[in-house]
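Colleague: So the protein sequences, as listed, match chains A, B, C and D. Last residue of the first sequence? That's 274 in numbering that gives the first Met the number 0, and every number before it is there in order. Last residue of the second sequence? That's 300 in numbering that gives the first Met the number 0, and every number before it is there in order. Last residue of the third sequence? That's 431 in numbering that gives the first Met the number 0, and every number before it is there in order. Last residue of the fourth sequence? That's 381 in numbering that gives the first Met the number 0, and every number before it is there in order.
Hints are computed from structural coordinates only; laboratory data are not their basis. A quick note: this is a predicted structure, and the numbers were derived from the prediction, not measured. Keep in mind that a hint or two might mislead.
Computed list of chain D residues with no C-beta within reach of chain B, every gap over 10 Å [what the hints assert, rightly or not]:
(1) E218
(2) R227
(3) D281
(4) R293
(5) V354
Residues from chain D that face chain C, not an exhaustive set, calculated with beta carbons under 10 Å [to be verified]:
(6) I4
(7) S73
(8) C76
(9) T83
(10) G95
(11) P101
(12) A105
(13) S133
(14) Y139
(15) F330
(16) D336
(17) D337
(18) Q338
By construction, the Cβ of each residue, glycine as well, lies at the ideal position given by its N, Cα and C atoms.
Residue-level listing of the chains:
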Amino acid sequence: MLYVAGVDVGSTQAKAVVLDEQAHVAGEAILDVEMNMSSAAQQVFDLVVASAGLTPDDIAFTVATGYGRYRVTFGDLQVTEISCHARGAVAEFPNTRTVLDIGGQDTKAIRIGDSGEVVDFAMNDKCAAGTGRFLGAASFALELPLSELGPLALKATAPVKITTTCTVFAESEIIGHLAKGRRPEDVLAGMHHSIATRCASLVRRVGLTPEITFTGGVSRNAAMVSLLRDVLDTPLNVSAQGHFMGAIGAALYALDHARAGTPGTRRASVEEVAP
Amino acid sequence: MTTDILVAGIDIGSTYTKAVLLDDSRAVRATAIRRSGYKPSAAASAVFDDLVANAGVEKAEITYISTTGYGRYMVPFRHTQITELTCHAVATSHHFPTVRTILDIGGQDIKAIRIDDQGRVRAFRLNDKCAAGTGAFLEKTARYLGLETGDIGPYALRSTQPVEISSVCAVFAESEVINHLASGIAPEDIMEGSIVALGGRAVQLMKRVGLEPDCALAGGMTHNPAMVAALESKLGAPLRLPPHGLGQLNGAFGAALLGLRRVERLLADGREIAPPSGEDAVKPRRWSTYVPASAAASASA
Amino acid sequence: MAATTHTAKAMDARAAGQRLVNQWLANVHSAPERGQPVAYVFVMGNAVEILRVFGFELVFPEINSLQTGVRKAAPDFLAKAEDYGFSPDVCSYVKADVGLMLSDMAHPSGTRIPRPDLAIASSLCNVYIKWAEIWERHFGAPAFVLDIPGKRFATWKPIPGTAQYDADKRWVEGQLRDLISQCERITGKKFDPDRLAEVEANVNEMVRLWVEILTLNQRRPAPYNSMLDGLTYIGVLNAWRGTPEGVEYMRLLRDEVAGKVARGEGRVRQERFRLIFSGTPCYVNMRRLVELFETHGGVFAASDYLTYAAGGLDSSGLFYDPSRPLESLAEVTTLASQLGLSNHFFSHHTLAQQVKDYAADGIVYHGIKSCRTVATSMADNREYVTTRYGLPTLYIESDLIDPRYWSDAQIKNRVDAFFEVLEQRALLKGGK
Amino acid sequence: MAVDIESSLTDVLARCHELSLRQDIGEDEANIAIGYFPVYFPEEIVHAAGLRPHALLGGGNRIEVRYADARIGSFVCSICRSTTELGLNGSLKGLGGFFAQPICDAAKHMAGIWGRNFPQQDPQILALPQNVNSPASVRYVYDEYQRLRGILADKVGHEISDEAIRGSLAVYNENRRLQRALYAIKRDDPARLSTVEAYLLVRAGTRMRREKHNQLLREALRLLPQRRIRPMDKPRVVFLGGFCEQPPLEMLETIEDVCFIVDDDLLIGQRWITEDVPEDGDPVWALAESYIQRSAASPVQYDARKPKEDVLMTTLREARAEAAIISAAKFCEPGLDDQLALSRRLDREKIPYLVLEFEEKMTSFEQMAMQVETFAESLLFD
Ligand SMILES: Nc1ncnc2c1ncn2[C@@H]1O[C@H](COP(=O)(O)OP(=O)(O)O)[C@@H](O)[C@H]1O
Ligand SMILES: Nc1ncnc2c1ncn2[C@@H]1O[C@H](COP(=O)(O)OP(=O)(O)O)[C@@H](O)[C@H]1O
Ligand code: SF4
Ligand code: SF4
Ligand code: SF4
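Please work from the sequences and hints to get the whole structure.
Modeller: Okay, structure coming up:
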């Protein structure tokens, strides 16, 4: 049996999947990136291989993606998150024409052509406003785990208007609103709204062509999904595997190579890419 | 010298609320400080209570109260309010008549102020949009390194080889800090690197108001010796710090000084000191918030 | 770049270009000693032909500024200007030049730039005019604002003989006459139309060769990279415009490029993708940027920048008629603006044409935060080109010379992804 | 009686205010609206054609930008962004013409954006010259105005007669006289007419037929002298920076809480021509000549006869102002360049000034209040 792996080393979390020859998911793993991207990559790889009940030698081809893709010392090939998220999204929702990926530190909008190819993309990676990190600030200020933010925000009745765009100041704004007696769910809804409008403008930058598929860690957040639906005024595909979409896309590329038997061409050394 | 005049200055900052009590010889009779929290008016009353208690006087003995800081309008028992820029200018010039440029690094903003020989504000600039240029930047790094605010300075002073922090976003700087830690760089070098980065931005702001010597630092950052050193080296000149630990109290001190001036003027003119007039004078109509009759009608319909 | 090959001949053109640039800088440096009047001019719409007639030495402040970037000295100059009070949002060329003024005009090239006796600012970039106002204040030198009406709308066609054409030409000619009297006052010389005809004949020859050189890059593989080699070419082209030396250089260059084409030598060893570059270069990191593309086998076959920075004459092959020199100068200046330079604001058609002419696979837009002339509506333009023509495009952002806006990891990420897009398309088309 | 005066004035101002909030072009009149981007536009020719000039003044701070961010660089001023938004969100879809002028590089791009997105609106650049010092300039402006006249004639399907244009000149001459009267009140008796009020009165002219606006101004000028006012002790300042992108009302209010603005350049294009345009002779020539010879100054018009610093000094003197507020819209290169030049001159003349940067879309004014209060304090605590 042929197995391949996709490893997505993000700014906040490292994700990995193993696919079998039929492109079925044979294992998946996720890990917080703490200190060291290379070791996080190695660990998540070990984990995913174990979860598939395999050993590293069973993996025929590994594609690395994500912000830290050049720090993956063991991969065969690197592909950008843009191509990987697109690939993963199209594999699950073949009619996808626009992908929105909200990650921990950046947001991407990708336009897909009729053959599933990437046509255009836009990203926000200069300022942490409007990224998953904005929610991280909320999670810190409210002392709630990330997974509870969305469900709580959905209960809002009178969302507050968040005025700061800076992620750092957002934290104090949240606390300020709470101190003034606003309910956490209303504050959270405001935070979500602020991200949703920023991301919507990024999506419009590549043209809002349906169907739209929402990927990345923040796609696990139900409030974000529903707000984006409202703001974009269109339905949204969300996969249960949304968080792994980059890793799945990477693994699909790995599968292409493994099937074709083409050798890997790992580019660029670790030093070449500044953090 | 009689001391039957007592003037309080209260500075309601975004992070700390500070108060100073002066008598008519301009001597500091008491000070007080507290975290501002999220109810500035409550913080102001609490600090005022502390102040009178510290001075061992009754509230009724206070002649005049002036407020400053971002919460200056939120104190109902004030006689007047003055902006912190004016207060810093007056206070600094009182201590050091030769100072022409003042820097105040606060938790959520930075201010650079150029003043003249009379202590009047001539030009100023602030930065408050992006956390990368404020005290919050240091606090974030410190939090990541497990340091308390008060420890930042002494800790960073141990640095021998400050590392360069190149990110322009405070959030991304955090990843940079993590990377540096991972590659084995000493935490004090990282802390010092952040201080140098922030110091550079601060000096830039000072230049943008037309930096003239002498320079002074005010606000909470005066407690941070590493920041003082970094600024001095960037400026290539010494920084004046308000004496007697009045650095963080500089704004409150200035507010009290200006209050005292006002009292002296009123008394010299033989006028009464009116009771505190906390509520704002009636403002003219605000067209910006005017709701057209038609809109009001349709909203209620 | 390892992928580049240089023949002995190539070194010739390069060495000749280098020699000319050095000589020009030396001339600039010594102009005051020699009592030669100095004019500051911009690359777009500069009436250099008239200045040559009066024997002005030319200073191109844009080149001074970009050179601070190339020589990695920009941060100091920019900081000086910002400390002086210029907003970070102001054009970085202006700021670098202000930095130079505050450094007593000591340029990092070793040249001391003399003060201007005259400055000409055309209306093609409004910042030129604001910039010239700064010189007026600093040097007390008179600024001559040359208003050259551009396109009034995207499909605007100047048609000789129409009342509209005459109106615009009359306006430009009137101003050129003012300029001539001003030059006469400054230099004490009388205007010599024959000399103007001579200069124009030289410009004609240079433009003819330049158009040839541009066209040679339509060949596959492209013999040179517009955004690296091309930038050197236009430097010489500007500094020596209208001179015999300039003609000679262009001929040498044309021969060299033609030779490469004949031998099938390309700029990159294995040319996989041909690209159009739109926008201004990032002079601090141009080498790095080109390398990011060339490692993927991508070459910039053409760029609208080469037209803008060469004064627009290559657009539709505009030539002077030296038999009626002044009138013809007015005509061609107007046409260069309407057919070439004002395309900044309506560039979608021109870009689409370049894509066709150069058989390009995509367009790379380089947005400059502080250059609103080039970048204001780039995103809208891109949207139009992508939806209308289905072309892959890439948008990257940095600055002309300010290294603070260059983020290597972010740009590399985008370039990598862009080539993945190009590869995918190539696969789908079943080619390459 | 005094109450009646005040409530009549409030009625007038409320009408103006309501007009200032309208984002669309309005359908109250059958005529085609011809949109133009700041600063100045020869409205008389449009008026004479029987068309409706519609000054594009941005979207204010209540508009939600949804589409424009994807089309315009993040480093471009708000008025370009919000105008594009108004185009893309359909608010301006009824425009029958669109003109931008070469005031700055961003504005020239507006013609490109409009051309790509709304070609049916026949977007154009009216190429007003940056060189107004050449003897050939009046003729050139004249030619360009004739071009405009031709375009408009095509739209209405008949020639625009000299007579019609002369009639419009008369209407606009009166309008400018009334505006000057308004500004005289502001200067001589600032407590009687606030800058926000004057601004709303002037701005209303961009949203109604000029004849009606003349009526409105006459009414305001009749009421104002009878208004009961409370004298206040505030420093007199001149405000600059409102020539193109419009500062939010809140900003002007924040300033006026502590200062009197006794002169300003808000909507300067509305009174660009400073004296009556001659109503005899060739009316288009008269208009062109007035543009060159009898006009105001702004950062987006080069004029060797009017260095901006000198203009400011004259304004300060004539308005008897003790200080200046030199503002600029964020990302407005011409404004920012002049801001520096002006502040250097003020430094030299030892005239106090305050530098402010604003954005049309601003909604929070706390920091600005602090700056303005500090400034006023520095003037008062002398
Ligand atoms: N269980 C969860 N529920 C909701 N949101 C989550 C959850 N886990 C992670 N996230 C969000 O996803 C973000 C990380 O997304 P990811 O795509 O992994 O980013 P990156 O690739 O940059 O590491 C976090 O910042 C967080 O906001
Ligand atoms: N004891 C201390 N040691 C070191 N730094 C301090 C200390 N106290 C305050 N600071 C620093 O000074 C900053 C601003 O304090 P302060 O001037 O009181 O702020 P504000 O006026 O904005 O409330 C804080 O964010 C903190 O970084
Ligand atoms: S505004 Fe905040 S999130 Fe954005 S760059 Fe600055 S520090 Fe980072
Ligand atoms: S704005 Fe652009 S075109 Fe104009 S001078 Fe600056 S860099 Fe050159
Ligand atoms: S605000 Fe300034 S930059 Fe923007 S359009 Fe007006 S003049 Fe141009």
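Colleague: All hints, please: hold or fail.
Modeller: How the hints compare with the structure:
The Cβ of E218 (chain D) sits about 18 Å from the closest Cβ of chain B, beyond the 10 Å cut-off, so the non-interface label holds. No Cβ of chain B approaches the Cβ of R227 (chain D) within 10 Å, the least distance being about 13 Å, so the stated non-interface status holds. D281 (chain D), annotated as away from the interface, keeps every beta carbon of chain B farther than 10 Å; the closest lies near 42 Å. Every Cβ of chain B is farther than 10 Å from the Cβ of R293 (chain D); the closest lies at roughly 32 Å, confirming the non-interface assignment.
For V354 (chain D), the requirement that its beta carbon stay farther than 10 Å from each beta carbon of chain B is not met, with the minimum near 7 Å. Below 10 Å, beta-carbon pairs count as interface contacts, and I4 (chain D) has none with chain C, the closest being about 45 Å; its hint is therefore violated. Contact between S73 (chain D) and chain C, as hinted, is supported at the beta carbon level, the nearest pair being about 8 Å apart and thus within 10 Å. Hint status for C76 (chain D): holds, given a least beta-carbon distance of 9 Å to chain C, under 10 Å.
Interface hint at T83 (chain D): satisfied, since its Cβ lies 8 Å from the closest Cβ of chain C, which is below the 10 Å cut-off. With a least beta-carbon distance of about 15 Å to chain C, the hint placing G95 (chain D) at the interface is violated under the 10 Å criterion. For P101 (chain D), the interface hint holds, since its Cβ comes within 10 Å of a Cβ in chain C; the closest pair sits about 6 Å apart. The closest approach between the C-beta of A105 (chain D) and any C-beta of chain C is roughly 5 Å, which is under the 10 Å cut-off, so the hint is satisfied.
Of the supplied interface hints, the one on S133 (chain D) holds, with its beta-carbon coming within about 5 Å of a beta-carbon of chain C, less than 10 Å. About 4 Å separates the beta-carbon of Y139 (chain D) from the nearest beta-carbon of chain C, less than 10 Å, and the hint is met. Given the 10 Å rule on beta carbons, the hint for F330 (chain D) holds: about 5 Å separates it from the nearest Cβ of chain C. Proximity of D336 (chain D) to chain C holds as hinted, the smallest CB-CB distance being about 4 Å (cut-off 10 Å).
Satisfaction of the interface hint for D337 (chain D) is found here, the shortest Cβ-Cβ separation to chain C being roughly 8 Å, below the 10 Å cut-off. For the restraint placing Q338 (chain D) at the interface with chain C, the shortest Cβ-Cβ distance is roughly 8 Å, inside the 10 Å limit, so the hint holds.
Checked against the numbered hints above, the structure breaks hints 5, 6 and 10 and satisfies the rest.
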